[in-house]
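Chains as they are written, first to last, in the working numbering: chain A, 1 to 221; chain B, 222 to 533; chain C, 534 to 1213.
Calculated directly from the structure, the hints in this document are not laboratory data. One should not assume that every hint holds.
[To be verified] Under 8 Å between C-beta atoms, here's a sample of chain A residues computed to sit facing chain C:
1. Y113
2. H114
3. L115
4. P118
In this text, a Cβ means the ideal position worked out from N, Cα and C, and glycines have one as well.
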Amino acid sequence: MSNALVVQLNMLLAALILLTSFALLVQRRIFAILHIFAWQGFFLGLSTAIIGYATGVHHLYVSSLLTLGMKVVLLPYILYKLIHKLKIHREIESMINTPATMMVGIALVIFSYHLTAPIRQLSSLMTRSTLALALATVMLGLLMMVTRRHAVSQIMGFLAMENGLFFAATSATYGMPMVVELGVALDLLIAAFIFGIFFFHINTTFDSLDVEQMAKLKETD
Amino acid sequence: MHPFAIELLQLLMLLGLAPAFAGWVKVVKCRLQGRTSPGILQPYRDIGRLFVKDVVLAENASWIFRFTPYLAFGVTVLAGGIIPLISVDLPLAATADIIALVMLFAIIRFFTALAGMDIGTAFGGMGASREMMISSLAEPAMLMAVFTVSLASSSTSLTHMVTVMAHNPLMIRPSLAFALIAFIMIALAETGRIPVDNPATHLELTMIHEAMILEYSGRYLALIEWAGMMKLMLFFSLGIAAFCPWGIAAGGDPPDLALGVAAFIFKLMLGGVIMVLIETGLAKMRIFRVSEYLGSAFLLATLGMIAFFILE
Amino acid sequence: MPPLDLAGFSVLLLLFTAALSPFLSRWERFLIPLAFSLATLASFTAVLAGFLTLLHGTNAAAAIALGLPGLPFNLRLDPLAGFFLVVIGLLSTFVSIYSIGYVRGYLGHRPVTPLVLFYLLFLAGMLMVVLADDAYFFLLSWELMAAASYFLVMFEDERAENRRAAYIYLLVAHVGAIAILLSFGVMAGLASGFDRFDGYTFDAMRSARLSPEWAAAAFFLAFFGFSAKAGVIPLHVWLPEAHPVAPSNVSALMSGVMLKTSIYGMVRVAFDLIRDFPWWWGGIVLVFGLLSAVLGVLYALMQHDLKRLLAYHSVENIGIILIGLGLAMIFTSFHFPALAALALVAALYHTLNHALFKGLLFMGAGAVIHATHERNMEEMGGLIHLLPWTSALFLIGCVSISGLPPFNGFVSEWLTFQAFLLSPELPHPLLKLLVPLGAALLALTGALAAACFVKAFGVTFLGAWRGHRKATRIHEVGLSMRLGMALAAASCLALGVLPTYVIGWMDIIPERLFGGQIASSAGKFGWMWLTPYSHERASYSGPVVFCGILAVVAVAYLLLHVRGAAIRRAPLWDCGFERITPRMQYTANAFAMPIRRIFGFLFAIREEVEILSPRNHAVTAERFHYRLRIRDRFWNWLYTPLAVAAFWIARWVGKLQQGRIQVYLLYSFVTLIVLLAFLG
């Protein structure tokens, strides 16, 4: 593969990752969210592998495999089981003003572009232009956690945010050290289990996974 | 060939092929849904019969109602002379750039909506109201898509865009991919196809475009239907010209032109199949979902623009 | 005759006629044609003066030793002023012709001499604003214009609604005038020092070197003041109150050209007096323009009073003009004179266009109200059969304002889009991303405007008559009114089909202001092809579009009518139920419902359905009452708190008022002591 082609492919994948973040932001159906998340992980893994190939930084292959294994197979599978167990797979989330959320998302993308401008000027890596999109993915994940009412989709927002961080690391410095990445992966796995336990508890307490319900826990009005 | 001859050829192609294209879409759709189709020539027979029939006109229809079909037809034919279908060498191509072209289609919509209001039924008003709502949401998305496409060639003139696209080396452009998806979504809305409107329905509550033209008959209906078919074909041609113009003739050499015609017809048929797949795969959405649908189109187009500036 | 003399003649003729009119108040039937014919003549002279200035690029100045001693009135007629003379004069010519018939309608109901008198003073005031070359004369003319228009809004003063509207108008106009005064004060003071008076001429202000902070202060004070007059959101509240209650010829002038004097003011202050500014000024102008455009058209969509709807559209169109202006300022600050020229020409072209089509629409609305004595669209319908001329001309106005080719609104909006499309040339990375979003908002505005005018025209003129009264006594309006409208409509078409000429004439304005030109590229391929930047970038041909559509329509019509198939008139299809009545038509409110639902969060909407039935149940209902109340959010957000605060302060200040003469004397005494202590 020529260098130009690598750059182009990487850009395409970056754009696709951004697109999936937006899709996560506005998707109502829980299963669809899961699928989109898996796709995002897939694009991320692919992008990491391509960068690894082009730069010769071979530990990126391991990261890539880890991403593919964790975020495309394992985590979605766990959540899938969980959703089935909790019998919420038919739920459709009510959302506040989707177009407005999209506009805020666009504003966040532009804001991240603005934020990363100084780094872009200093950096000489071939991936420097995707940094803005990586930061935007982080912010969109956070936005998803803010706008969603359903606990599961909030978790998806969290995971999408992590994807963004991972992507940012690859585009800013060709990946974090191996140890850190392994640690993060482990953390995620544990987090997923803890979320699962929380879901059960929330669901049995409130008979719903709508986090609005938790407002009831407030003692004073 | 002389440019004016190409222009004439293109217009004849548009007038002649538009019903066939509509028929092709119907045939593919029927085949896909396991029905027997009326054949690719059915739209010709429909239009022909309508031209022969007498006109039944609503009691209080004014000149607006009678003028609109002619105007719709005239504007569509003019637009057909502007979009390069088979060759870049078109004398009329400079008449309007892509923004002006979109506004030309807006004239048709404006007057069709007025015609819907003219007869004074609830249907007409309903159709007009919904059509104008959809178009006002589609317009910003359309402009954004146009903007994104124009960035690559830094031009909104169709012939120039086609030339730049056809001669530049092939490269992966996320911005164009986004813009293309957005354009398809908007084109479905603007031409009144599923999932936004259903051209086949005559059920009161789901009609949009059909509600406006419900009272038309005879030659007026024939003109409107014909113009509608041409408009559908022109939106495809617009997409072809803006996103995949490969094969279009640069001048007037007959072999190039023949290649251009063949490439155009092939792409058109392929586009028809894609549209049928979309229409068969999706259900018509509730009218107030359209704002989200078109919002997504706007989002995609804007992401395309952002991707251009950030990545390319 | 030199252009400045012509313009002076025009103003003097107006003032002379105004002075004459009180003496003729006994013979009003004679006064109306005389006064308005002279006004037509004066306005046309102004057009001529302005046009000659543009054509030859002359720049004439004069000082008249009137007014205060030592402070002469300075006049100047440069291309910018000339262009606005054309704008004002052209619409005034048409409206004056229209007024001959329109004002006659008041005869026998009320005395019309005040209307004639203030109409003439109003016209003179507007022309003087444009001609002024010093702050003193400018503000004097500005006040003449404001006061005259106040009395015109008050014309039918027996209704409390009208007095309230006029009061709000006067209030906002004066808040604006104070800001303008302060802005000139800053510039004049910095030009000559605060202890002298000779900085009040625009020449002195031009040569002054302002520090960036003071320049910003001067510009934003002026921007605020002119915005108040122009009706930029959030200072727009007077517009929808004042325009509907004024006589329609006055609304046409107020909306069509009076608002444009503030555009003139902004261009004059930014590009001529200050000249050197950072890009964010333009950014702020652009943002306010976008806000006004989108909100203006959305508010307009919610109206069912024909003139109120048009008034909100003025807010929208002022927004579109400001968009062009903001872009021009951004391009200028980054030193792209050619791009700035394109944006400025787009803004000015839209100024001219809006004057014509909005004037036409207000004249049309006036004709409708004249004929039906009704302002509520929900009570109209089917007027196309009764008012064939008015409806056709009104339709031209609707098509023009909706920005549809081949009429003029399209050309200026298209030019604005072209200016937007050139924003990737800007060196600022953030602006590159943000400015195109403005183009999307402009597209939204244009499409919503089209929706709004489908509604306005469809509900008013199409369908069947909805009113409670019989529609039998409605007749087409008189010749002069039709002529006024027809001339405006013809200008709309001409400006749409032949933009290359107009741009060629306007080109001198940006050239004089900042040395940018577009005519050399815009008219490179002759009068038929408009290529604003380069022909590879974009092109448009009004003549081809117009003739092309006409030709195809004609051919189709002829081919289909050779056979002469019969047309049978039949009742409407009623789905097999009872016969369709006019009350079953879609109403204006129903038409706007989808858009109201989507953008509902922008309005304060109260919707009530009352079911009148024995058991309060929808099935057994005999009648439904539907009430819908839509308010401008800005009243609650901005004006009510302001009013509350003003009253609160007034109450505190009111405590000074004791009613006892000794206390008042004490106040004076204390003041005297304090002053002596400080100054002594």
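The hints, checked one at a time:
1. Y113: Hint on Y113(A): holds, closest Cβ of chain C at ~6 Å, below 8 Å.
2. H114: Check passed: Cβ of H114(A) comes within 5 Å of chain C, closer than 8 Å.
3. L115: Result: violated, 11 Å to nearest chain C Cβ.
4. P118: With Cβ-Cβ at 11 Å, over 8 Å, it is violated.
Violation of the numbered hints given earlier is confined to hints 3, 4; the remaining hints are satisfied by the structure.
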